[in-house]
Amino acid sequence: MNNSLSRRSLLKSGGALVVSFALAPRLAKGAAKKEAAATQKTVAPDQVDGFLAIDSKGKVTVFSGKVDLGTGIRTAMAQIAAEELSVPLSDVTVIQGDTALTPDQGVTFGSLSIQNGGMQIRQAAATARQALIAQAATKLSADKESLTVAQGRIVPKAGGKGVSYGQLIGGKQFDLKLDPKAPTKDPKDFTIVGKPIRRLDIPGKVTGTFEYMHDFRIAGMQHARVVHPAGIKAELQSVDDAGCREIPGYRGLVRKANFLAVVARDEWSAIKAARAIKTAWSDWAGLPDQASLWDAVRSTKVVSTEELQKAGDVAKAPPGAKTLKATYDFAIHTHGSIGPSCAVAEMKDGKLTVWSASQQTHLLRKQIATMLSLKPEDVRCVYLEGAGCYGRNGHEDAAADAALIAVETKKPVRVQWMRQDEHGWDPKGPPTLLDMQGSLDESGNIVTWDAVLFAPNKPKDVSVKLLTGELAELAHEDSHPGNVHQDLAIPYQIANIRTTVHWLSETPFRPSWIRTPGRLQNTFANESFIDELAAAASVDPFEYRLRYLKDPRGIELLERLRKLSNWTPRAKREAQDGDVAHGRGMSYIRYELVRTYVGVVAEVEVEKKSGKIRARKIYVAHDCGQIINPDGLRNQIEGNMVQTTSRTLLEEVKFDRSKVTSVDWASYPILRHPDVPEVVIDLVERPAEKPWGAGEPSAAVVPSAIANAVFDATGKRMRSVPFTPEKFLAAT
Amino acid sequence: MATLRLTVNGKTRNVRVDDANVPLLYVLRDDLGLRGPRFGCGLSQCGACTVHVNGESVRSCVYPSSSAVGKKVVTLEGLGTPAHPHPLQQAFIEEQAAQCGYCINGMIMEAAALLSHKKNPTDAEIKAALADNLCRCGTHLRIVRAVKRAAGAKT
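Residue numbers (our numbering), protein chains in the order written: chain A, 368 to 1099; chain B, 6 to 160.
The shape of chain A in the complex, shown without the other chains:
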């Protein structure tokens, strides 16, 4: 697939925003001059033309502000548009995340691509369809009701000559406001949505023809490597590049305050120069001692305290009530993209273009413009797929690096972060601490539920500051790791509930969102703690949850999960002889209490002597409403099970007082093939319902299901992620 080509041909056909600077830089292929001609295309999200264009041959281009991060969204968006317009899927091309071409649909995060982004595109297509039918009715002197659409042609239902989309609108603009109430297709008539359509990108990805961000090249481009500081806030005191000058391809360095990069003709020269450069940094040792990280979190200044959910009065535990308390913590995680962040930037005639695998090109444009004191309209950010990011990793920082270097050197540049840059300097999932307290009456019923979360403070806007701006001492904003308080509130009907978050003034590393931010940590605590209460009450964990779950869709989900996993009641655990213990645990969530339902059962085995825990099999019941592509959904769920098993059992960022020390795959191990659990999935199909997100919800339930299974196997509670052998052996 060649995204740039389709983008170029589209721009030749025209569309209301003047794009006056060079587009896809295939200068050698000679089309660039034509492209650079004034081209118009609105990116307004309230205009049909923002999202759709149809050329004279009836080919449809979808402009999606939401981008495919490896989750199959490109294909899903194409399915949604093709379905609503009744055109063959092969007639649809998707352009993603280009600030000059695609509407700002918000950051690609929070499991909102289909739920919000896709539904905007569906509505744009529905509006377009209605307009095209009206035009056809005029042209054919027929009633709208007498017409039908198939394969991009509007024809009389009674038969006879029709008219194609290409003939009606080809190459012209709709000039039409997106109608949020335009009637959409009846799901009963779906032929493309809801089908396991093969992903459009996979043939190219398995044959080496797909163009990733990392493959993107432009004429005259130099290669740079960033030399990150010796400590997170260390100051650069001196630089000596004498050794670099021995390297024939070395072209020089860029230094701005504590930002340092080497620039070379080719990659290998840049890598060698980054190794050869001599630097002196000030001592900085402002990180907490990792051995007492949780004390540091607990003693961090509380900026504000917010009550998230309140029912009854948690002080009302009756006399004789049994009280349980437990503290859960969840380690700092890195995104761990397999391909370290990469970007290309070019400054030409006062206009900056940045190619990036950013999940947020519109936001990135604002951040880079702020950093470089440029007008946002003079900055264009273009999305190209990178390695999976699972949140805000280093892509945006590499993009800002490239932007700064391109401006300073006045030449186009490609910045490739090395492994230690990605592991060491991407923003992190913050350390999360939760205190849980609950009480049971004499029948084992939950009387009170009281949860306290310690999380990094939440400024007004959700964003992660650009590292480049911070190092170079240029303008930049604060960081906010997303809505990490979500799902601290529980889906259970209990008389007395209080859930509270303490917003903390600081956290050791730039906080970011990593798949299922906050919801993962909060659900780990909630669903582990309810399991503790169930065990204290000697009630089967399914039965116990069902006591307090009044939502019929949630109840149905749990019943399906119970059947899928062939669950046998376990009100009391039985001690197991032998060196390897086996257990099963379950967990449930309704995402943010308003959308996707997921339940899982995990099967684990625990080597009692070594303390090694393995997740062998995970059963998943999943209800996200209407499913756009069931195979894409399964792929995502499988990925969430495997990745979150990895995070739960293995992952923890290590650091000394100055910097991250787990800067490679040896020091930050992730799950490997032999330890991957089998995954069995039951998708609840509800085509008539709204589609909800699926990128994150299923990850939320994994750590607690594994913890509960370890308890079932061994009687030990794992309350600290990751569940390392050392922690198992130390657990009681």
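A few of these clues could be false.
[What the hints assert, rightly or not] With a Cα cut of at most 30 Å, we get these calculated DSS-like pairs of lysine-lysine: (1) A:LYS511 to A:LYS562; (2) A:LYS1083 to A:LYS976; (3) B:LYS123 to A:LYS562; (4) A:LYS979 to B:LYS153; (5) B:LYS132 to A:LYS1021; (6) A:LYS984 to B:LYS132; (7) A:LYS984 to B:LYS123; (8) B:LYS153 to A:LYS984; (9) A:LYS1094 to B:LYS132.
Source of the hints: derived by calculation from the structure; they are not laboratory data.
Dock chain B against the given chain A, drawing on the hints supplied.
Frame of chain A; chain B shown alone:
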């Protein structure tokens, strides 16, 4: 400057380099314009850069280009094309065995090396052979199914 005579995917090319020990990955990607082998770690830890040298899988991010002179280098592109995919590539398409796909080069190249000397590997053998190829998206289950499928198709 040195000139390296490299045979890649059946074609012999002369490549001029400053440093004959430049890792093969950069020559393949930057000088020969190949996209199959991918930069992942530069440390021989993740497998994204895997290529075949004389039929054996090697980590091109640490493999000196000079060592490839006189040998046959094959990359993902050398296995097959979208129009004529290799059985493994076809199996990865059938099983939809990719998310971001960044690791898939290494998975296919490593699996191809495995299948060249072991016709019908068990799941455990496939997993062991791919244990040093990392995937972050969690596509492992599909990857193993794809390799099984390809092994079946070959016999």
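Hints and how they fare:
1. For the hint pairing LYS511 (chain A) with LYS562 (chain A), the CA-to-CA distance comes to about 29 Å; that is within 30 Å, so the pair holds.
2. Annotation: proposed proximity of LYS1083 (chain A) to LYS976 (chain A) holds, straight-line Cα distance about 13 Å (limit 30 Å).
3. About 36 Å separates the Cα atoms of LYS123 (chain B) and LYS562 (chain A), which puts this hinted pair outside 30 Å; it is violated.
4. Annotation: proposed proximity of LYS979 (chain A) to LYS153 (chain B) holds, straight-line Cα distance about 28 Å (limit 30 Å).
5. Restraint check: the Cα-Cα separation between LYS132 (chain B) and LYS1021 (chain A) comes to about 28 Å, which is no more than 30 Å; the hinted pair holds.
6. For the suggested pair LYS984 (chain A) and LYS132 (chain B), the alpha carbons sit about 16 Å apart, so the restraint of at most 30 Å is met.
7. Between LYS984 (chain A) and LYS123 (chain B) the CA atoms are separated by roughly 27 Å; this keeps the pair inside 30 Å, and the hint holds.
8. With a C-alpha separation of about 20 Å, the suggested pairing of LYS153 (chain B) with LYS984 (chain A) holds against the 30 Å cut-off.
9. This hinted pair checks out: LYS1094 (chain A) and LYS132 (chain B) have alpha carbons roughly 27 Å apart, not beyond 30 Å.
Of the numbered hints listed earlier, the single one contradicted by the structure is hint 3.
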